[in-house]
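Each chain is listed here by its residues.
6 protein chains.
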Amino acid sequence: MANIVCFGEIMGRLCPPGYKKVLQTTSFDVTFAGGEANVAVSLANYGLDATYVTKVPNNDLGKLVKRILKSYDVNVNQILTGGDRLGMYYVEKGASQRPSKVIYDRKYSAISMADPSEFNWDHILEGADWFHTTGITPALSDTCIEITRDALQACRKKGITVSCDLNYRKNLWDCDKAKAVMSDLMQYVDVCIGNEEDAEKVLGISASETDVTAGALNKAGYTEVAQAITEQYGCKTVAITLRESYSASVNGWSALLYTGGKSYFSKKYDIQLVDRVGGGDSFVGGLLYALLERTEPQDQVDFAVAASCLKHTIEGDFNQVTIQEVETLMNGDGSGRVQR
Amino acid sequence: MANIVCFGEIMGRLCPPGYKKVLQTTSFDVTFAGGEANVAVSLANYGLDATYVTKVPNNDLGKLVKRILKSYDVNVNQILTGGDRLGMYYVEKGASQRPSKVIYDRKYSAISMADPSEFNWDHILEGADWFHTTGITPALSDTCIEITRDALQACRKKGITVSCDLNYRKNLWDCDKAKAVMSDLMQYVDVCIGNEEDAEKVLGISASETDVTAGALNKAGYTEVAQAITEQYGCKTVAITLRESYSASVNGWSALLYTGGKSYFSKKYDIQLVDRVGGGDSFVGGLLYALLERTEPQDQVDFAVAASCLKHTIEGDFNQVTIQEVETLMNGDGSGRVQR
Amino acid sequence: MANIVCFGEIMGRLCPPGYKKVLQTTSFDVTFAGGEANVAVSLANYGLDATYVTKVPNNDLGKLVKRILKSYDVNVNQILTGGDRLGMYYVEKGASQRPSKVIYDRKYSAISMADPSEFNWDHILEGADWFHTTGITPALSDTCIEITRDALQACRKKGITVSCDLNYRKNLWDCDKAKAVMSDLMQYVDVCIGNEEDAEKVLGISASETDVTAGALNKAGYTEVAQAITEQYGCKTVAITLRESYSASVNGWSALLYTGGKSYFSKKYDIQLVDRVGGGDSFVGGLLYALLERTEPQDQVDFAVAASCLKHTIEGDFNQVTIQEVETLMNGDGSGRVQR
Amino acid sequence: MANIVCFGEIMGRLCPPGYKKVLQTTSFDVTFAGGEANVAVSLANYGLDATYVTKVPNNDLGKLVKRILKSYDVNVNQILTGGDRLGMYYVEKGASQRPSKVIYDRKYSAISMADPSEFNWDHILEGADWFHTTGITPALSDTCIEITRDALQACRKKGITVSCDLNYRKNLWDCDKAKAVMSDLMQYVDVCIGNEEDAEKVLGISASETDVTAGALNKAGYTEVAQAITEQYGCKTVAITLRESYSASVNGWSALLYTGGKSYFSKKYDIQLVDRVGGGDSFVGGLLYALLERTEPQDQVDFAVAASCLKHTIEGDFNQVTIQEVETLMNGDGSGRVQR
Amino acid sequence: MANIVCFGEIMGRLCPPGYKKVLQTTSFDVTFAGGEANVAVSLANYGLDATYVTKVPNNDLGKLVKRILKSYDVNVNQILTGGDRLGMYYVEKGASQRPSKVIYDRKYSAISMADPSEFNWDHILEGADWFHTTGITPALSDTCIEITRDALQACRKKGITVSCDLNYRKNLWDCDKAKAVMSDLMQYVDVCIGNEEDAEKVLGISASETDVTAGALNKAGYTEVAQAITEQYGCKTVAITLRESYSASVNGWSALLYTGGKSYFSKKYDIQLVDRVGGGDSFVGGLLYALLERTEPQDQVDFAVAASCLKHTIEGDFNQVTIQEVETLMNGDGSGRVQR
Amino acid sequence: MANIVCFGEIMGRLCPPGYKKVLQTTSFDVTFAGGEANVAVSLANYGLDATYVTKVPNNDLGKLVKRILKSYDVNVNQILTGGDRLGMYYVEKGASQRPSKVIYDRKYSAISMADPSEFNWDHILEGADWFHTTGITPALSDTCIEITRDALQACRKKGITVSCDLNYRKNLWDCDKAKAVMSDLMQYVDVCIGNEEDAEKVLGISASETDVTAGALNKAGYTEVAQAITEQYGCKTVAITLRESYSASVNGWSALLYTGGKSYFSKKYDIQLVDRVGGGDSFVGGLLYALLERTEPQDQVDFAVAASCLKHTIEGDFNQVTIQEVETLMNGDGSGRVQR
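Residue numbers (full-length UniProt numbering), protein chains in the order written: chain D, 1 to 340; chain A, 1 to 340; chain H, 1 to 340; chain F, 1 to 340; chain E, 1 to 340; chain X, 1 to 340.
With the rest of the complex left out, here is chain D:
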């Protein structure tokens, strides 16, 4: 089984029950999530060896994070302990015209304040086939930029494939800094994943004539974007997720995989959302699995999109669908008939 190392933050995710707003709530459901952790869980879920690298505080929240990751078969032996706090975020579930709303309380988290010297990447990456991180991690702090660069350089040295989800977060850094940092890190990236907004905000590459708030797709322009990324940054493979946000309740969902100089568009699903947060990460989880274990690009992107289509119907950031369930959907059965 392929051995993948994922690096980034993992946070407590606090959600008011149902559609309640934070301002109304008297309780929070708590799960744990993070862009790269979500991918690690997906990969372990498909049977791969996934190791998560992060830093969590030495208290019961830090212990609970590890308990949960272990329960999903993620290797937690490389998680550092220490620092002041676990990052937290609040998710208010939207509906119809009301968007879901995320409130970050992740500043000063253990990982964001970790010292680069704490991570011995030569040791951590021993035996690894693949390394995954996202644009969120370097956005956390300057030390996280450094740690990420250290990791990527170690990967390059060891010949480990690197994937990166651009994941631009405007509340963590601004466009200019994102561009400066990510343009540099992109030299180490073999597989780049992003959406249209990421490409524009982080890499300065945009598809013509699309308005991300309108929900309309400009399929034609995406191949150009993907091609431009490969050309400018030298990565071999680019995947672009195509979300059509009709409302907070219904989204269109598809993706493009650009590899070997060709574009492969997936089928598009119209999804009635149960939990949209983590949807993009479940695409990455499905894609990395498929890139490692399946051979045809069309099949790879179809797997990743079907897998993440199903995640949008599952509570929490972690995808928990079987390969067989993904394949049933890929093969055309989205009828939702009761399985008994």
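Among the hints, erroneous ones may be present.
Because identical chains share one entry, a pair is satisfied inside a single copy or across any pair of copies.
To be verified - Straight-line C-alpha distance at most 27 Å; calculated DSS-like pairs for lysine-lysine:
no., residue 1, residue 2
1, Lys-21, Lys-101
2, Lys-262, Lys-107
3, Lys-21, Lys-267
4, Lys-63, Lys-170
5, Lys-21, Lys-268
6, Lys-21, Lys-70
Everything labelled a hint here was simulated from the structure, so no lab data went into it.
Dock chains A, H, F, E and X against the given chain D, drawing on the hints supplied.
Same frame as chain D, but now just chains A, H, F, E and X:
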């Protein structure tokens, strides 16, 4: 009031809250359900005399089942007590492309291991006008086949009308055994209810050109199917439910009533599902009530379909709508305007 | 900031969790609501000075009502204490073809049995710029008619603008009494809000060719209705909400503002409902705010409709959206994209 | 099996979860209860034929009350339908020095406003062996006094044994009225149940030297009280419950049965309370069962006290313990060892 | 009414439901609390004018804090907005030998990082009669020491009475720093509240022969401690709470008020705990109220102890008992009898 | 770290919330538990290598069991998959005089119907230092007796220490069979754990003059019992737990460790119970840890009793206390003071 005896299993139904998967849950909502019990509750709900016949264990779960049935006005005096366990099943609510999932834990249940000699049908059926069972019960065990046959023969002797919902369950038996058993029992059945899949898997009669996973209807073929059933098995009336499963969240729902050699198609409803499990049983409940208390076939099938349309919006297997609410919908008001 | 006094009842609202029916429930979620109280909360939410006038019993329920109103910045200093009970109502949330259902338990409430002499309107209205009430309050009791008339006459004397939402409630009074009472009170009303049914049942003015249960709009006729109201009752401004009830799960929602002899139709939103009760009141809240703080009629009605569109996605009767969130939607972004 | 008719109110009981106060809560757990209804449920629970007589409104709350009573095997055929509302009450669970607190919202309930002519006692009491009511019912309204008197006179005529629990409620009437009314009704009572406070407030008979708030017992004085009741009012049997309220969390609990001119004191239990409300009614339920089905006075009072001791550990007003469980405790096993 | 200004932090308090540990939980109940905020709520609850001074972030958590404080009648107009985050803490409820456990996540909170220049104490303290803070606030950060000193000096200048609860928190600072800082601030304190451990750790004054973990009281030594505090630091009044921690489920609770050179010991209550956190603050709330509104020292300490005894039976940090309920307990009725 | 293999069943444990009875509930909290699994979790919790051996069905319940065990660091690689069902049991929490009640639904479970040939003990026990099982496992079925014997013989061959908790369950087998089977298996046992009832029912050895339902201890007799066990069955070490069941709410808890021919009695704790089920297993977990990692018998039994004292205050069967928390209690701090 007509007196109807229903025979079958009743199980505990354990559901994770909301859209959680079994793998994620820390609690289960518990209700009670079973194909024939659901019909008994519907009939009592419409004011008929409904008696349920089954066997439950001599423990607090068995007592709780009876408490719940009594609360819905079902006569529980014919329920036997004993055996090892109450059958249970788990329902994971699906959404959009993710199907609802049923996990059975009903093996070795009290009713499945009951002895035919425990049921004195002459006594049980005293005063009954109608007997209802389904294809699930004989699928439970060979003794259940025998008990069902005993019941049906007693009905024949007493001139009691018999209805049977084919309800093929692939996890309980295979097609071949289902066909062998049900073909034999069909000789006693006056009113046969099923869907397209049942007709094909249980009776070997299929409508041409329909793919049950695609959600498309082949209305034309259904009359043939119904007609074939009446011809091959001698039952007077056949009802076929027509579910168009667009997704786990939205279904089309209508039905055909074939009686007196003619087909009556109901109006079709597009339903945003709250709880789909028990939907077919609520159709049977509405149909039996309508066959007994209403005269026009078109009105009968319209009542049954409107009643079961409403059940799809109600939590749990038991339908709990008033005749007046059904008639409001039959009369065209599906606007969902607040009633105050 | 403008100072608005709202007068009416406030009740406990008891809802079974999720889509459960009252007949199934073992618990109720409790919030507080009332046609005029909902408006007061909206106004305070937008930063205006809102005072609520009512009467609540001298027990912990009465105290809790005040706690909640204070938490939403509503001035409760004019709320009287005494009487026998707090009015309550039960809301069963509908879905698809099953309508939401309201059961009133508001008879004999403190406000409905209050004596006109308890309200010193000269004192209460000191410093007020605007007075708001609805057609529900006079429907509660004859003393409430008298109290309302006292208030309206005091407003006239002090030159305070008066708005009234017709809000016909067939369970509180019949058409004939409603007409008789409201026709008289309308002489004091400057801004009249209603829907098509209200206009017909309360004022006897109807748009041609519309069937409220069918969900179809007859846009053309509404201007006539609004014009007729201004002509017959002398109010300056009329707003008519236009609900297209496709089902209990999806509604079309828009409105007409008729002012200065001209009609301004808002954009229409198709809404997947989270909580429909209080939707109309949130329109009034948005409208009064906009009439006071914004200048263009088109902008005013657009604000009111966008604000109330968002309320339909929020649990409870009280709207809790920021002006900025309303403006985002007015400006065309109903995409529901996650805000982070 | 003996046939017992119980008459009184039944209300919705709304409790904040856990130890929350009404002022803090956002939900209520709902059960149903009433002094006489609790007794009817106890009697049915022990296998007797219990019929409940009351009046409930014609809405879903009224239907739900009946559903619940039926589930506990109480005959609901004599329950009238109509009136404005179902009485409700709120229970805030106390702990340690903080008392439990009951807020009544029972004024104007259907039963309190029922007309004596609605109750045909000759018909209702047909086949009855025993009639039970309490001092709460005549406290509801003057019509309830009249209805109670009608019932008692009919019992006298038919030779039906009558039991009455004095149950003084200071929020429903004052001492003087209670004395006037109850002194008159006592002439029809064969079995009188009360506590020390009831005897004093309702019948004007007091034990010397006891302070009900201090929790101290004056065992010696109780026999006198019981004897005085029999002498003054002519009833044959008197039971007095002896609660020592150490705190809202721990109570001492015992009782005295005075019959045939002799006193029988039960064993005393120190109870860690789960739900104290309904405790007295469960004593009455146990006592009536024991008076009907067991022969020795000592055994009767021991049964009643053990049964109600167990009720104090059960959520809700309704006692739900088996005769065997009561006997285990009577026989000295209060060890609480796990039963498996 | 006296006008009291309280200054300190307010945090979100996240508790697993029931007795669950953080390591086991899937949800948190959320309330808000802080040593000084708890006092402000108590004071407002008794009818005084209470203003809270703190800083909260400009997000929905900051808004929610203010909503809640307003609902309890606390003036929030002096609360600053800004900074990175709201402090949070987790409370795991203990039982029997297992202690309750608090996990702090309050580092980097808005108030701890506020700048002294943000607080204009001359303005904030306008009209104030009393100022209250605790030893927790200066423990948060060096800027908080400075802000506290600024406030105390402004009080001295304006002649405002100052109370301070020593409240030593070993996780926020060490003994040496606490002593250095608090010894200096004590010069401004008129009323000093603490327990035995505080006196020793913060002021270096200890009662002889007491082991805080053993639960035994050394009543004799407390007067010496109180006297020493008044002598060394010049404050007029000292209150010492005396907790006997028999277990996490049962505590003894009493206090000593030392004023005018004399000691007044309260009655002692043995309490079965519902929620122990905030118990000490409720004592301070009761004490300040009593010092302001009641005259006799014995009555003052009795009020404070009875009030806080009741708080130990209430969920959350905020005390919510009426003066009448406190007086009932002071007058000797701790029987917990149902109030109805 | 020592490597321990535990063998037995693991079941779903379904509990009504709070103190509700099964007959009242509408939901169940679900955890997982089993006599030997509880020990495995304890051992892993203290940092030892614990492997669990059992068989679970190939469905989501089987997967969930493994997820949970992994989250607690138990090695699940030796768990077999297959069979019909996962055993379940229901726990109704008792209080005061009402005992907790366990309803088994474990018949026909995967492990009870497993075939001895499925377990390759030579392989499973590779590297193991210790093997633990209980008297529950052979009580499940004759095949389980055989599997247990196979395991014990393999241990003997490999020189692996064997511990066995007698754990007599009267609902699984009768005394005679228990004696016959366990007397034989005892020859392989090095460390025998039991309580007084086990010793009598399973081994026929009884302490004089003790009544298990009365809660009284006969300390003197226990040494004789322990000695008799070592003499008759040749085991080196015997531990006897001494539960004094004052009520379902409060228990006394202590134990005796008999080793090297001497008795070591632990301190006794009086515990206010949160969750008593699994209490004995947490003693075994603590004991095995202490036998492996600590040297003094007195310290060993003190550790085991303190650890299990704390478990009685924790929800669920799994103990989750740190070594440090246990030592704090062993060292005499049971004060339950808040840790912050």
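Q.
Could you work out which of the previously given hints the structure breaks and list their numbers from low to high?
A. 2
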